[in-house]
Amino acid sequence: MISPQSFSGSAWAEQARGDLLRIVRINEEIKSIVGVAFKINIMALNAIFLAKRAGTAARGFGVLSNELRVFSQDLRDSMAGLTALIHACVAEVSLVLQDIRHTRLLRQAVETSRVGRLTEVLAERERKSTEHAQHLVGLRKQLKRALDDAFQLVELGGMLAKSAKIEAAYGQAFAVPLSQVSGEFDGVVEEIRASLEALRRSAFFAGR
Numbered sequence: 203m204i205s206p207q208s209f210s211g212s213a214w215a216e217q218a219r220g221d222l223l224r225i226v227r228i229n230e231e232i233k234s235i236v237g238v239a240f241k242i243n244i245m246a247l248n249a250i251f252l253a254k255r256a257g258t259a260a261r262g263f264g265v266l267s268n269e270l271r272v273f274s275q276d277l278r279d280s281m282a283g284l285t286a287l288i289h290a291c292v293a294e295v296s297l298v299l300q301d302i303r304h305t306r307l308l309r310q311a312v313e314t315s316r317v318g319r320l321t322e323v324l325a326e327r328e329r330k331s332t333e334h335a336q337h338l339v340g341l342r343k344q345l346k347r348a349l350d351d352a353f354q355l356v357e358l359g360g361m362l363a364k365s366a367k368i369e370a371a372y373g374q375a376f377a378v379p380l381s382q383v384s385g386e387f388d389g390v391v392e393e394i395r396a397s398l399e400a401l402r403r404s405a406f407f408a409g410r
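Per my numbering, residue 203 is the first one in the sequence shown, and the count goes up by one each step.
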């Protein structure tokens, strides 16, 4: 574990401020994914209704549409977990920035004062600063794992969407509208997959 004391205060502060900006960007992207997940839910409900109209010929399509509806809820739950981790990361980065300011002031005080107690206070502050930095490292890893899990979930959603495209071909008189709906599913899920792939490559996960 690399501690804040291994770097200059300005370098560590720059890292923390950069982390904060990157976390905000991740959070905004997750909000957009949640919106798309709601869209999938509505699309799935419409697809289920269409499959019922098509009758037995679209039974498989109806089953897959219901699975996609369940997928949309699972995805929203996954994004809620990611949001909670992001809020925790924001709080921890804020503490790290606060530590940097306090440590800088205490070091200046120690250099200009002969009060021995200040040295003890500085040592305690540096200890807490290291603890906060370590906690942030842990949260960073948790967020990365959660993103990886979400990506796997979306991969499953992609397989469901592609299976729905195959089933749509058996919809007889409803084959064209079913194919159109299944194509929309595939496009939306691919959009989410691309967003998550970009988030997994965020520089936040390359931080100290």
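Warning: the hint list may mix true and false statements.
Unchecked claim - Calculated cross-link-like contacts (lysine to aspartate or glutamate; reagent style EDC-like; alpha-carbon spacing at most 20 Å):
| # | residue 1 | residue 2 |
| --- | --- | --- |
| 1 | Lys367 | Asp388 |
| 2 | Lys233 | Glu326 |
| 3 | Lys364 | Glu386 |
| 4 | Lys254 | Asp276 |
| 5 | Lys233 | Glu313 |
| 6 | Lys241 | Glu392 |
| 7 | Lys346 | Glu328 |
| 8 | Lys241 | Glu386 |
| 9 | Lys233 | Asp276 |
Read the hints as simulated data drawn from the structure, not as lab findings.
These numbers come from a predicted model, not from an experiment.
Results of checking the hints against the structure:
no.: 1; hint: Lys367 with Asp388; verdict: holds, 8 Å
no.: 2; hint: Lys233 with Glu326; verdict: violated, 39 Å
no.: 3; hint: Lys364 with Glu386; verdict: holds, 11 Å
no.: 4; hint: Lys254 with Asp276; verdict: violated, 24 Å
no.: 5; hint: Lys233 with Glu313; verdict: violated, 47 Å
no.: 6; hint: Lys241 with Glu392; verdict: holds, 13 Å
no.: 7; hint: Lys346 with Glu328; verdict: violated, 27 Å
no.: 8; hint: Lys241 with Glu386; verdict: holds, 11 Å
no.: 9; hint: Lys233 with Asp276; verdict: holds, 15 Å
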